[in-house]
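**Q** One-letter residues, chain by chain:
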Amino acid sequence: MRRAQRGSAPPRAKGPARGLLAARKARGGAVAATSVVRPPTPRLPAGMRDYAPQAAAVRLRTVEALLAVFGRAGFARVITPAFEYEEVLALGLGDAARAATVRFVEPSSGQVVALRPDITPQIARLIATRFRDEPGPVRLCYEGTVVRLERAAHGQRELSQAGVELAGLPGPSGDAEVIALAVEALAAVGLDRPTIDLGHLGLAREVLSALALRDPEQQEARRCIAKRDRAGLDEVLRLSRGSRPAIEFARLLPELSGSPAVLATAKKKAPNGGVRRALAELAAIVTAIQARRVEARLHVDLGEVRGFDYYTGVRFQAFVEGAPDAVLRGGRYDDLLARYGRPSPAVGFAVDVEAVTGAIELQAGVAARAGASNRRGDK
Amino acid sequence: MKKKTDTTGSRTLTLALPRGRILDEALPLFARAGIDLGAADRARAGRRLIIPIPEHDLRILIVRDVDVPSYVEHGAADFGISGRDVLEEQDRDLYEPLDLGIGRCRMVVAEPEDSPVDERAQVHLRYATKFPEITRRHLQARGTVAEIIKLYGSIEIAPLVGLADRIVDLVSSGETLRQHNLREVETILEVSARVCVGRAAAKLHGERIDELVSRLRRVVAK
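The listed protein sequences correspond, in order, to chains A and B. With this note's numbering, letter number 67 in the first sequence gets 67, and the count goes up by one each step, no holes. With this note's numbering, letter number 172 in the second sequence gets 1172, and the count goes up by one each step, no holes.
A hint or two may mislead.
List time: in silico DMTMM-like cross-link candidates among lysine to aspartate or glutamate, alpha-carbon distance up to 25 angstroms [claimed, not checked]: (1) Lys269(A) <-> Glu248(A); (2) Lys1130(B) <-> Glu150(A); (3) Lys269(A) <-> Glu1211(B); (4) Lys267(A) <-> Glu1207(B); (5) Lys1222(B) <-> Glu1073(B); (6) Lys268(A) <-> Glu1207(B); (7) Lys267(A) <-> Glu281(A); (8) Lys1150(B) <-> Glu1088(B); (9) Lys1222(B) <-> Glu235(A); (10) Lys267(A) <-> Glu1211(B); (11) Lys268(A) <-> Glu255(A); (12) Lys268(A) <-> Asp1210(B); (13) Lys269(A) <-> Glu1111(B); (14) Lys1130(B) <-> Asp1099(B); (15) Lys1130(B) <-> Glu1111(B); (16) Lys1150(B) <-> Glu150(A); (17) Lys1150(B) <-> Glu1211(B); (18) Lys1222(B) <-> Asp234(A); (19) Lys268(A) <-> Asp1099(B).
Over 10 angstroms on every C-beta distance to chain B, these chain A residues come out as not near it, computed from the model [as the list claims (entries may be wrong)]: (20) Ala55; (21) Arg72; (22) Phe83; (23) Leu149; (24) Pro245; (25) Pro254; (26) Arg277; (27) Gly322; (28) Pro324.
Derived from the structure by calculation, the hints contain no laboratory data. C-beta: ideal position from N, C-alpha, C; glycine also.
I would like the entire structure built from these sequences, with the hints used as guidance.
**A** Printed below as a string of structure tokens:
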């Protein structure tokens, strides 16, 4: 009986079409019964946006200020293309980044190409090919937009980035050089004393593999660590066949976050040599940053397990008031260049230009409102 | 652009609380943890939605339960309390450091007692729910293809009037299901309220938030 009702149910999802038609009528456009060429609604795909003169000026000023800092530090500007062969780009992308990539078939060749979701793999390709015979460290910087089909903040899909890559300088000295430059770059655009959050992907990998979990469970453990979900983590750790110290250390990870002093706490509980090495490396990076008198607050988070795509060592992010997520992300990726044919250690970062301008605007707005309410004598 | 702003200064933290059952159960929990939100309780009667708690350098926002993750993810609130049902449905990038164990219920699949679904025989299945994302993931994991009908309330009548074959909904006692001659097929999710913390808040003000969370953890553990 209920089946009959189902059959006569009115068809759904007719809403948008009707809305469009009504909108055209309202604009005075003719709605012809036969197919005539109708002008399309002047709309943008989801997540794309225009910059009117004022906004464009802010973005350009920000990008120019960043590039000026990079240039003074000896990083040469390069420009890479908007799309490349997908299989080449994919060498430098993790599964998530690959899934978020806009791909299409290039009509002339029938090959699958992809809009770049990240510029770092392109720079890695460039260094591994064009700079193959360069003896010393290579310092390059870039600026451009990337496209990602992910649900980013504000539903944005085209992101403006400016960043640097330093290849051929391994270890803490290279890391500290790049992190100091990151802080200097943020100061140049008006974001003083950011919080630099340090994690270590080598450590995260060591801990996860020491748990001896099967793949889906390892992913679940990683998800729980990333969310600091201790109850969920306890549950999946019950399935671990790893050693007790390894399990105990994994359970501690969500708490190992705070001032660089957590490195000493972590060292006492380190379950194996790999974890100890990673902790020593982080401690050396902290020392090297402090020796450079970098104007930033250092925050260590050993439970930071994002960025499995290509990072191998330290991973850092900059946080400031007024931005709900990191405004700058980077780290060490010593395996990436080898995927393009020339093994070389490398470290770099990218500034999210719109996140930076958003934070500056919000800080200015909050300051202005606070000033206004103070004048009114409010609490 | 030349204007300099120090970004590490301490400031009042903002906590988003969902009005309704979770708020009622959370206030005594906070009180036992030594965080008196009595002002929030009183302000609720006066319909105030932004409530300063100067004793704890806190500011409370009273918002709809489904809106808490948005406030926290976008940084309008530093942390909040939200049901696991809402957090799983919206799948935001937030920290979830503590399960408060309040607002307990279960998310279940249910169907009419007298016309159970035969998944192998039926070609087209329809699920009515307030939680289309959780339902979609659940069905996908089982390899089931079904139409999901998003509703905003009175889910339990959907199978009775031929709108859907099954529902996915929250139950606590199961009384509502029984009244409508529905039976549980399976539990998808054990639900309770959790503390959720924004990414930047955790990095910029981690110590103060951790301190509040560990106070709550001590009373929850008891």
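**Q** Run every hint past the structure and note whether it holds.
**A** Going through the hints against the structure:
| no. | hint | result |
| --- | --- | --- |
| 1 | Lys269(A) <-> Glu248(A) | 8 angstroms, holds |
| 2 | Lys1130(B) <-> Glu150(A) | 24 angstroms, holds |
| 3 | Lys269(A) <-> Glu1211(B) | 22 angstroms, holds |
| 4 | Lys267(A) <-> Glu1207(B) | 21 angstroms, holds |
| 5 | Lys1222(B) <-> Glu1073(B) | 30 angstroms, violated |
| 6 | Lys268(A) <-> Glu1207(B) | 21 angstroms, holds |
| 7 | Lys267(A) <-> Glu281(A) | 12 angstroms, holds |
| 8 | Lys1150(B) <-> Glu1088(B) | 16 angstroms, holds |
| 9 | Lys1222(B) <-> Glu235(A) | 20 angstroms, holds |
| 10 | Lys267(A) <-> Glu1211(B) | 23 angstroms, holds |
| 11 | Lys268(A) <-> Glu255(A) | 14 angstroms, holds |
| 12 | Lys268(A) <-> Asp1210(B) | 22 angstroms, holds |
| 13 | Lys269(A) <-> Glu1111(B) | 51 angstroms, violated |
| 14 | Lys1130(B) <-> Asp1099(B) | 22 angstroms, holds |
| 15 | Lys1130(B) <-> Glu1111(B) | 15 angstroms, holds |
| 16 | Lys1150(B) <-> Glu150(A) | 23 angstroms, holds |
| 17 | Lys1150(B) <-> Glu1211(B) | 39 angstroms, violated |
| 18 | Lys1222(B) <-> Asp234(A) | 18 angstroms, holds |
| 19 | Lys268(A) <-> Asp1099(B) | 28 angstroms, violated |
| 20 | Ala55 | 14 angstroms, holds |
| 21 | Arg72 | 17 angstroms, holds |
| 22 | Phe83 | 27 angstroms, holds |
| 23 | Leu149 | 16 angstroms, holds |
| 24 | Pro245 | 23 angstroms, holds |
| 25 | Pro254 | 7 angstroms, violated |
| 26 | Arg277 | 25 angstroms, holds |
| 27 | Gly322 | 8 angstroms, violated |
| 28 | Pro324 | 3 angstroms, violated |
The earlier numbered hints that this structure contradicts are 5, 13, 17, 19, 25, 27, 28.
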